[in-house]
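Here the protein sequences come in this chain order: E and P.
Counting in numbering that gives the first Met the number 0, the first sequence runs from 0 upward without gaps.
Counting in numbering that gives the first Met the number 0, the second sequence runs from 0 upward without gaps.
Keep in mind that the hints are not guaranteed to be accurate.
Since the list can't tell identical chains apart, any single copy or any two copies may satisfy a pair.
Stated by the list, open to error - DSSO-like cross-link-like pairs, simulated, lysine-lysine; straight-line CA separation at most 30 Å:
#1 Lys-376 to Lys-304
#2 Lys-133 to Lys-190
#3 Lys-30 to Lys-283
#4 Lys-133 to Lys-230
#5 Lys-133 to Lys-13
#6 Lys-230 to Lys-304
#7 Lys-287 to Lys-399
#8 Lys-52 to Lys-304
#9 Lys-367 to Lys-304
#10 Lys-116 to Lys-230
#11 Lys-364 to Lys-13
Derived by calculation from the structure, the hints in this document are not laboratory data.
Protein chains: 2
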Amino acid sequence: MFLSPATPSSLLEKVFQHIDLHQDEFVQMLKEWVAVESDSVQPVPRLRQELLKMMDMAADKLQRLGASVDLVDMGTQQFPDGQNLPIPPTILAELGNDPKKPTVCFYGHLDVQPANKEDGWLSDPYTLTEVDGKLYGRGATDNKGPVLAWINAVSAFGALDQDLPVNVKFIIEGMEEAGSIALEEVVRREKQRFFSSVDYIVISDNLWVSRRKPALTYGTRGNSYFTVEVKCRDQDFHSGTFGGILNEPMADLVALLGSLVDSSGHILIPGIYDRVAPLTEEEKQMYKSIDLDLREYRNSTQVEKFLFDTKEEILMHLWRYPSLSIHGIEGAFDEPGAKTVIPGRVIGKFSIRLVPHMNASVVEKQVKWHLEDIFSKRNSSNQMAVSMVLGLQPWIADIKDNQYLAAKRAIRTVFGTEPDMIRDGSTIPIAKIFQDIIQKSVMMLPLGAVDDGEHSQNEKINRWNYIEGSKLFAAFFLEMAKLH
Amino acid sequence: MFLSPATPSSLLEKVFQHIDLHQDEFVQMLKEWVAVESDSVQPVPRLRQELLKMMDMAADKLQRLGASVDLVDMGTQQFPDGQNLPIPPTILAELGNDPKKPTVCFYGHLDVQPANKEDGWLSDPYTLTEVDGKLYGRGATDNKGPVLAWINAVSAFGALDQDLPVNVKFIIEGMEEAGSIALEEVVRREKQRFFSSVDYIVISDNLWVSRRKPALTYGTRGNSYFTVEVKCRDQDFHSGTFGGILNEPMADLVALLGSLVDSSGHILIPGIYDRVAPLTEEEKQMYKSIDLDLREYRNSTQVEKFLFDTKEEILMHLWRYPSLSIHGIEGAFDEPGAKTVIPGRVIGKFSIRLVPHMNASVVEKQVKWHLEDIFSKRNSSNQMAVSMVLGLQPWIADIKDNQYLAAKRAIRTVFGTEPDMIRDGSTIPIAKIFQDIIQKSVMMLPLGAVDDGEHSQNEKINRWNYIEGSKLFAAFFLEMAKLH
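Next up, chain E with everything else stripped away, as it sits in the complex (with noise of 0.2 Å):
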């Protein structure tokens, strides 16, 4: 039987319809890829294996959609206590090579955060569990929806026997929740060969700044990762018959990490500010027309006051403004209970996320100078050592470029709704290597709502936000095509 090709307007209705008759599958889909337990941050070679079948699991579905998937190499990390981890292969994929048509190419991520039942999950992270049109599960958002979003608008053309409107590219990683280890370098390399036809690359791993209205994304925040470790031996001590007589580790480090910010958190390492860019009057303007209710994400977040009192402070000071937190401490007891010990040798963890036009290389240098300015005024017989171990630059994108003009209308389309321009206080590096490398237009296109909890406890993705993303994304090729 012959199909006539159908009216842009007409094959937008049949594929909305395709996607609303499939969607419970596309929740299985999610569900089997939620199961992974694909953790690129903690080292273990067990969960490397789970990273290494779920490239293979993703490698797969695309080959089945009609796809092209070339699983790259990409060696193994190497960490400071000798052990070696292989990293997950990165995908590259293709549909279409139709030199009239638009080629656009999305990033995606497959590894997640750590997620541990005990640490306040109401339902098992590993098992993705729907509760009121919720999806919940570790990776729910942060990416494997997204991912699997952009793959059902694909797949939802091939099931209706429809030439995609534009051609697609996939660019798929397992590391990024560790810093996209060794991934510059695959863009470096593919420059001249994968990249060469890639007209626009999307990425969709961020969330709205509401419950209910989309977003387009012009910016990202970088981020700096800092360690700084002291020791006063490698075994530990008992308190009662040390305690006194001993610089104690901890008391160096609870002093260093309470000397990099205020409680108005401000931060207070000298020079920090220089470079963060002066705000104009016309940026300064934009914040006004974001659609944040306080009242509903006070709600939303459970945090009963933020460090400030309105719309426009709090979202400068997500999106603008550098903030340092500090996340934990390696070495010292922190399990229930009462354990005497002094710790003989302690890691303290903090990072600082970056704005333009911040620099990660300027920020290491103020940061170590800082902390051996505080050390040394301590007097301590102990050994300091500062590392940054992630450095990470900011992204910002002209957002008067052809596909944020495309998602516009796509949004309109799916929603019936304008989006709200925002950045992203989180760290997406990819986005800042394929502007400096690719030198394409880069735009980010979330699909998740605010409160989607992303490296928390309880991630989730709504059922509407994942079925809808399908859709926007189809609605997305059709009006590339139109604008190409």
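Knowing the structure of chain E, use the given hints to seat chain P on it.
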């Protein structure tokens, strides 16, 4: 065959010979006891079962020596999370009730601190491993080894068909490392029964200050253990999506912990030194005769530099001045790797070692007042809760008592030297409890060397200390009989 009673000195020779000949059996018995993971600190059902097993093994051993043994039910321990765990029974045992002999009661404990191979143990902590005359294993010196040394001494007389020179009682508990929960009540209840005939109480739960020279201990510090919880919400946050707009609990906690002690070890809590006993000239002189080779002490402890440079200052800061140690943080990121989390709720843990005439209740008020003051000055929107989870008073004894004289003589006989007259910086709460309730002389007669590493990785007892310690207890029995 009729055995004539041996004279004390020839009997002592026989006992020493017996102990030397059977030392491998004694080490084997210690190995069996160390193999039981009787950790009372971590509130885990499996570990409580191990504790119950440990107490049963000890009761069985004492019964086979001919002792009458009573296993006192201690009820259950309730945790803040609602969990209920059994408290292991306390052993009350007795051998002999000759009214012409003095009655010496030995106190020991069979529970241990937590230990994991991964924390830096060179051998499995629950497999007693002998290397160069050192017996490595959790509990080897604290306190399974010394308990068995006392049992070895008792068994030697029995094996030689000789009457014990003294009546011996045992009180052996399984919750010392968790603060001797409910033991005080047992001592109080048994004051008129089990303890009514007790003349002296001996504890062997601390260390010498030297590797080779024995010691007698006449005082211990107390301990007040605090938790300070800072909470924004129960869930964690992602530092990208929330960093910059929160009063982060870790920043508050680090500031609170940083306000407790300065880099010279001086505690900054107002009023904390008010009740510390003034240093008399007589006491000052006592520290001069203690055999502490600072160079050897630095080597054996692997600490390059202490807060003080003289023997006297070091001993005074371990024994007669309070100290504050920060143990760690529960609820923050404590694993290897770089997790970008803002912990939502964190619990800091620290303790203050108390000295005469400090009082735990007074210290509790001072700490709470101080932390509330610091916290209110931060103007944080988080909630803070301070709790003293253990409050153990310091203890000091009269060193002119008979049993101190007997112990000095026994030490001269076995080791050919005068003991160091020392205090202990750590807390053995039962000493103070016995002194207050039973109102009999309490003595601490340690067997372990200064480098035994109790509470630490690679805890050990030297084979020499264990075996000569068994002889010391036997010699002590005979000296007590002579003095009576």
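**Request:** Provide an ascending list of the numbers of those earlier hints which the structure does not satisfy.
**Result:** 2, 3, 8 and 11
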